[in-house]
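Chains as they are written, first to last, in my numbering: chain A, 1 to 487; chain B, 1 to 511; chain C, 1 to 169; chain D, 1 to 110; chain E, 1 to 652.
Quick caveat, the hints were computed from the structure, so don't treat them as lab data.
Computed from a predicted structure; not experimentally measured.
Check each hint, because a few of them may be wrong.
[Said to hold, decoys possible] What follows is a set of in silico ranges between Cβ atoms, one per label pair, in the way DEER data are often shown:
no. : chain 1 : residue 1 : chain 2 : residue 2 : range
1   : B       : Val466    : E       : Tyr558    : 24 to 32 Å
2   : B       : Val466    : E       : Thr74     : 29 to 37 Å
3   : B       : Thr481    : E       : Asn593    : 40 to 48 Å
4   : E       : Phe17     : B       : Arg447    : 32 to 40 Å
5   : E       : Leu491    : B       : Arg447    : 49 to 57 Å
6   : E       : Gly228    : B       : Thr481    : 55 to 63 Å
7   : B       : Ser4      : E       : Phe583    : 26 to 34 Å
8   : B       : Ser2      : A       : Gly451    : 41 to 49 Å
9   : C       : Met4      : A       : Val486    : 48 to 56 Å
[Said to hold, decoys possible] Taking lysine-lysine pairs in the DSSO-like style, the calculated list, with each CA pair at most 30 Å apart, reads:
no. : chain 1 : residue 1 : chain 2 : residue 2
10  : E       : Lys578    : B       : Lys158
11  : C       : Lys163    : D       : Lys98
12  : A       : Lys454    : B       : Lys108
13  : B       : Lys56     : A       : Lys371
The beta carbon of each residue, even a glycine, is placed where N, CA and C say it ideally should be.
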Amino acid sequence: MMNLNFALLTPEIIMAVLSLGLLVIGLLIPPGERKGMFPLTVFALLGTLAYTFYDFFFIQRGAFLQGMYMHDQFAVYFKILFLTGALLVVLSSKDYVSTFPAHRGEFYPLIMAATLGMMIMAGASDLITMYVGLELMTITFFVLVAYRTNDGKASEAAIKYLVLSSASSAILLYGISLIYGLTGSTQMFMIAQALGTVQSPVTVLAVVFLLAGFGFKISLIPFHLWAPDIYEGAPTPVTAFLAVGSKAAGFAALIRFYLLMMYSQTFAQTGQTLLLILAAITMIVGNLTAIPQTNIKRMLAYSSIAQAGYMLIGVIAVSTPSVSNFIGGIKAVLFYAMIYVFANMGAFAVATHVEQAQGSCDIKDFAGLSKRSPLAAVVMTASVLSLAGIPPLAGFVGKFYLFSAVMDQGYVWIAYVGFVMSMISVYYYLGVVKAMFRTEGEGLPNIPVHGATKFTILFTFITTLVLGIYPTPLAQMAISAATSLVK
Amino acid sequence: MSNSFILLMTLLAPVLALFIIVFIPREETKMIKIVAAIGTFAALALSVFLFFAYDKSVGGLQFTMTIPWIRDIGVNLGLGVDGISLPMLLLTNLIGFTAVYSSWNIDKRVKDFFVLLLILITGVMGTFIATDLFIFFLCYEIVVIPIYIMVIIWGSTKRVSKEYAGMKLTIYLLIGSAFMLVAMVALYLNASHQLAVLGQGPTFMFAELAQLQYDPSFQIIVFGLFLFGFGSLISMFPFHSWSPDGYAGAPTAVSMIHAGVLKKIGGYGLIRLGVLVLPLGGRFWAPIIAVLAIINILYAAFIAMAQKDLKYVVGYSSVSHMGNVLLAIAALNITSINGAVAMMFAHGVMAALFFSMIGFIYEKTHTRNIGDLGGLAHQMPRLATGFMIAGMAGLGLPGTVNFIAEFTIFNGVAKVMPVQAILGIVGIIFTAVYTLRVIANVLFGPRRAEWDHLKDIRGPELVPVVVLVFVIFATGIFPNTLFHLIDSGVYTSGLAKVLETVGQATIGGLF
Amino acid sequence: MSTMATVVFFIFAIIAVAAAWGVVTSTNIVHSALFLALSFLGVAVLYVLLNAEFLAAAQILVYAGAVSILVIFAVMLTLRGDVAVSNPNTNKWTWGVCVAGLLFALIALVILTNDAWRILPMPSTAGGTTELSALLLSWYMVPFEVAAFLLTIALIGAVILAKGGKERK
Amino acid sequence: MTISVGLSTYLLVGAMLFCIGLYGVFSKRNVIAVLMSIELMLNAVNLNFVAFSRFTPWENQGINPLVGQVSALFVIVVAAAEIAVGLALVITIFRNRKTTNVDDLNWLKW
Amino acid sequence: MFKEMHNLFQWAWLIPFLPFLSFFIIAFITKRSKGLSAAISILAILTSLCLSIGIGIGVISSGAEVVENPVMSTVNWLSIGGLQINFGTLIDPMSAMMLFVVTLVASMVQIYSLGYMHGDKGFSRYFCYQSLFAFSMLGLVLSTNLLEMYVFWELVGLCSYLLIGFWYFKVSAREAAKKAFVTTRVADVGLLIGIVLLYTKFGSLDFYGPGSLSAQMASGFQDFALIGSVSYLTVMALLVFIGPMGKSGQFPFHVWLPDAMEGPTPVSALIHAATMVVAGVYLVARMFFLFDNASPVALEFVAIIGSFTAIFAATIAIAQDDIKKILAYSTLSQLGYMMFALGVGALTASMFHLMTHAFFKALMFLGAGSVIHALHEKQNIWDMGGLYKKMPITTITFGIGVLAIAGIPPFAGFFSKDEILASAMHSGHPFIYAIGLFTAFLTAFYMCRLFFVAFLGEEKPENHPHESPKTMTVPLIILAFFSVVGGWAALPDHNFAYFIHYGVFEPEAMDWGLAAISVAAGLIGIGLAYSIYVKKAIKAEDVVARFPGVYKLLKNKYYIDEIYQWVIDKIIDGFIAKVLYWFDIYIIDGIVNSLALLVRGTGSGLRRFTTGQLQTYALVFFFAVVVFYIVLAVGEGQLAGLNPLAMLGGVK
């Protein structure tokens, strides 16, 4: 009766075991010899990643505990995304970790714990499971954000994150409780069945509460205000992981939830319009506010807010219940989320490098980087331009998918906003480029990249470029992931 | 159909050079320059070969290569040339090649410069040889950012700072392209719905897009968007203001490529995408384009008269000349489209030569202010000759290809819009005035002792003059070499048929 | 439902709400913490009325016990100055009243206008702790395990944070 | 007429607790008080869950009414973890900034 | 006979090509060697001269056949959809005559230049330009269609520009060159418009041959009203005529020609007296069928412009002191003559005058050059005087020129001028005849003034003139010869009119009565000049003193230059260009910049929302929740469900 195929949970179990195992190892070995933690983490993540790839292509879709927990390509796609993100964060933070005042050994396990939380979120088809996964991720992030325990800014960021995140969880939970009250269940399929097409003030209230909860995670305006502060205050690798992982996990959950509402509700029209307006505002405000920023992390925070707006467009594109259109929108989001990882990780890896070498992360610290560290400058340029959607970088294809999906639904105006805003975003991205290229950075040290950082940025750069020129493989993956969701 | 890889080779020649340069140490500037020159020369040689190997009697797209690329949305890696794109390809490589030589004396961050220049050349080239709309856009947008970087590093600050100029240029073109992207997506979706009815997958191929029928109101809107995008690119009034500032701020090679070929993407796009695919939209917008084109011609020419900086003069003059191209497109007939393509070619060569010469003048004298210069013909006769030929080509002197292009345009325009044609011709006067003033004030007049130390252009610096002047006169004296090709392009690309149907509606006899 | 239960409900509901009010209005942070414990207790009683004895027990143990003590410890550790004014309002409190009031009005309106929820409790057989544990360990196995993991991580995290960067330079 | 306690009454109590907690989040200057207010909000949600669980009329539809209680249990666990980390953070920030005043936490802005 | 000649005519392209080759060789190969460059250039032009003579003989010997059927040999030059242009050569008596004139004068000038330009730094460049000019001018002469002619038309303009500005280090030369180019360019716009519009109507630009403009107009082309009551062909004729007005210096485009004297004197002789400036006349003659088919307004216009220019320039010439300026205004005046001859329908007379004028005006310019050369660049006639003693050849040849232009028989000018005046009278334009006659008088007067003052007057001690070298005097002699005998071509047995005429050939006898009147006018002019400047019977100063205003007006060329300068400086440069530039920078660009500013400003404003205050964030968050709920509830029509009255149902 009960489907207890634990094999389907393999990646999650591996992650949990590895995380705890690494914690224990960190405790066991003497503080001076914790260098081994890094390769161990990298190989653990690589192994898991390899397995998830195998999982994606060769293991059939299945539901664990009869739909309490889903194992479909959609979830696995996101797992690949999270693991890639985690891996890149770990790789790029090798040197950075040594600047932490203490507990360097626990950093990697915590990253893995957060990854696990994200994976749970992507797989959960039960609202409570999703919530617990979300909290695992979030609570871990509280710790990670405050990891520089002697840094007032980091602590401030963490406490802000904690308060706001908890408040948003509270309202999310309130929404879940209302849904539960309506349907008697927390399981998505059953909720969908029970809700049917009837709607009442309660369903609307629940939807709004849930939207607020997810909107917080994906930093949708007006639920975004935490993001800039936390991004700026957190250690750069953590910011990176927040930007790519937390946001993608939020989207994974949002998509599942949104599909649920799509199937069960006739609330499409207004809900969509509201979301469209939100997406537009998010793109506009995110991009415009990024313009006057002087701190690169804060700028990237606003940029990532804007990116959420773009991705939300793809979600909205899932409007009329026909399979092909479904795929269009979801595929676009999936594709974009993945390339967003590479682009953002490239930018953050360079930012990590600069911050670690120069102690701060203002745009002026990047002056003359093209001379001082040419590779880093090139990768930074490529990454931010990919975020802006300039070909031949992957962001262009991603944006194309997103906007063509939404235009196919007849929402042309949002495409204008989106395209124009992404071109305006070039303005502030070019601010960084200008800093890096215009002068030769007299008086600043040469900071060539080495080792893991070099590998990270090269990898992100090449991936961004290759996926921009030949996006077919990733697009195919995104399609099969999207298809698995609506099957 | 079997794929021909010669275009791919042409496209990849500069890329290959780029990769080699990446691995050359920064200090080996000579080597870097030579590799860049070889790369661009290979592309030039291949395009010259294509120019002569193209079978004009058959026409249509030749040397095509179509490889499915992004399958889920139907993008093909489609390359091919016809009589419209081949001159543009040749032009690109001519200017690319000469741009390398015009930058021969660069000594600041040489490696970066040539890497960016080669990206730029590749991008522009790709735009012209793409037979797939997606690839077309991809290549077009590639070029924008390298230009920005080149402007802020190697540019010069005059009336406006180079940072401002570069940013203005970049953002302007990108905003324009944003609207084009919307249009492109709309077109693609419309086409794919039509194709889906026919049981075919979506496509971005120009040829297939052109064969479908679109709703007139759809065409009008989409053409309008393209007009904004491509119009900004071709510096159509009132979207031209990036152009003079941008050229003034940019380093020589960028000005050459930008004014020479990049701008032409606007005209090329309007023909290939606007008129060919959306003829009814074109017909709707034609009167408006014509009016704006006239404003372009006269307004920019007047402003050029008031300029004191050489690059601003040429910048405004190129705005003015692009008015001719727009006017030709607005006329929507075979002759005028022929003229438009030829004008783009002619102006490209001329503008490149002009900017190249100005670049040398600036490099040697460190000023571009017309008032500070004078009598340069004494010290630098070869440069003066090149400069003067550029000027003469600019004012459409017979013997240069520019004259024929202008004549063809006016001829075509006069068939449908005689008044506009007359106004366009009147523009020649003002062109003559500012060009001759510049020539007189810069080159002629008493010998100035402060320039006596200047060396005339020689060695590699002569390459741009020789190559571009040769092209100006060779095609100017034997226009059929160029025009037969363009004409075959106009007829065999389906443009002629489209124009005949659309043109019927606008032709109202003479006057 | 018996009148007795109704009376008990109202007494403890009022206690819970009033104590909550105390939490947010008291200017003494220690008082707030004590009010918090009281509010938790009130809610725990309501749980009992709702046939959720296990939850009531958990509530008392976790909230009224552990959490409150923890809070008081934190208060002790961070207290500076006069305890009587240790918990003032911000200058934005009027806005807070407005928004919170609005939200309450909204929720109340939604709840009260919903006919389906205007129901009285049925005699219920379900609700035993055994069934709860069965459910927890079967259907809710995944979140259960994750919650366990979460507690571990939270523990470690709390230690890391509280301990601070004094391990070594 | 007997006054009976129905589902909406419980929900109303929950809503009151929630909004009082929310008000606390908005208005308290001490971070610890803010955390306490959040606990109130989560508690309110729990009350909702349990109330729905008790009154749930779908017993005969094969739905286990205890799901609500399970959910509440998870919320209690998570809330406990959250407050633990939160208080640890308060201590950290007190150590770094010598304040627990929310208004003073404004190094990061704009 | 015609057949063989036909074959000969097909080689006519060699005539312009040889100078082009020479241009090419000099420009790219022999530039460094002055002697070689000059030799190549002169060799080329002399060969062309021989070929032209051959063609001329061929034309004469072919007789009527070539008169009726111009020989055209063409190749396709441009062929695209909607536009077919052929390039080729057209041989008929008119072009043969022009070929001869051009090659002859050009050869003379080039030989002369050997001496005149000796020692100049740009010697090779000079011959390079000369060859280019010869090529362009000969190409223009041989053009078969309007576009071809326009191409060469512009090229001669370019050469003129280059040669006027030959001494580019002189600011005056630089400005004069620019002025010349711009002025003619302005006029050419009219021509180009005419060409473009003609092509759109007729689909051809050929002068002769099947399907050509003339053929179509002859075979029942229906003219129609275009602007008001002015017919299409009239408008076309007027447009086409604007080009010649510029090139041939007709009022109001005459301003460039006097300034063009800044170029080397041989250049003035060749380009600005004998050949290029008459291209306008030649074009009108070529396109005469257009003017003829158009309404009479067109030809009237030509006549009026021509006659006005004739008298206008002549009056200015009286008051000029610069030897070259006087000649320049004289040229203008004579060009006016040719134009109004065309205007009254006398194509033959016009062409004839064109030819004779080329000889004697080139002669006089070269003579003037000889003087200037001898006096080391002095050009004011009052600084000269008594040159006849030291420079006999120059003086005699110049004197022949003066007599020729004054219309004294048997010199060339007499025949041609007389024919023009007679045509004016006979075609019913007595007023124009009167103007022509008065102009003839003035011409005789100011030319003799020049001659008497410069050559016969008192010797100036500071001058040390010497006779010019052979290279310069021989061309003078040759041209003087032609100035004497050139007019005899009009004699009935030579029959210039038989070969060059428009329409049906009607042999016309000399009207000796009118001839006598015009000779008298010329003699009166000479006599007046003699009495003033030699006999000093009337003091020039007295005349000036009596009409100070008139003198000042004439001296300053009616202030036309000043007016133009004012328009350009104040209106175009000073106002329109500046205003438009201002508009561009502050309005067009201002909009762009303010948009950018708006975006940046909005960004700076929006960032203030992120106050850093935790509780503000929470407030915004929850307020948004409330708002969203209301929006959604309204949008979904769920607001009715929220009716508070529903609560009155109470708890069940």
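The hints, checked one at a time:
Distance hint for Val466/B and Tyr558/E: a CB-CB separation of about 48 Å, inconsistent with the stated range 24 to 32 Å. Roughly 32 Å separates the CB atoms of Val466/B and Thr74/E, a value that falls within the hinted 29 to 37 Å. In this structure, Thr481/B and Asn593/E meet the distance hint of 40 to 48 Å, their C-beta atoms being roughly 45 Å apart. Taking the beta carbon of each, Phe17/E and Arg447/B are about 36 Å apart, inside 32 to 40 Å as hinted.
Distance hint for Leu491/E and Arg447/B: a CB-CB separation of about 55 Å, consistent with the stated range 49 to 57 Å. Restraint check, Gly228/E to Thr481/B: a C-beta distance of roughly 45 Å breaks the suggested window 55 to 63 Å. Checked against the hint of 26 to 34 Å, the pair Ser4/B and Phe583/E fails, with Cβ atoms roughly 51 Å apart. With their beta carbons about 48 Å apart, Ser2/B and Gly451/A fall inside the hinted range of 41 to 49 Å.
A hinted range of 48 to 56 Å holds for the C-beta pair Met4/C and Val486/A, which are about 53 Å apart. Restraint check for Lys578/E and Lys158/B: satisfied, since their Cα atoms lie roughly 19 Å apart, inside the 30 Å limit. Distance hint between Lys163/C and Lys98/D is fulfilled; the C-alpha atoms sit about 16 Å from each other, no more than 30 Å. For the given pair, Lys454/A sits about 26 Å from Lys108/B by alpha-carbon distance, which is consistent with the 30 Å threshold.
Taking the CA atoms of Lys56/B and Lys371/A, the gap is about 50 Å. The hint is violated against a cut of 30 Å.
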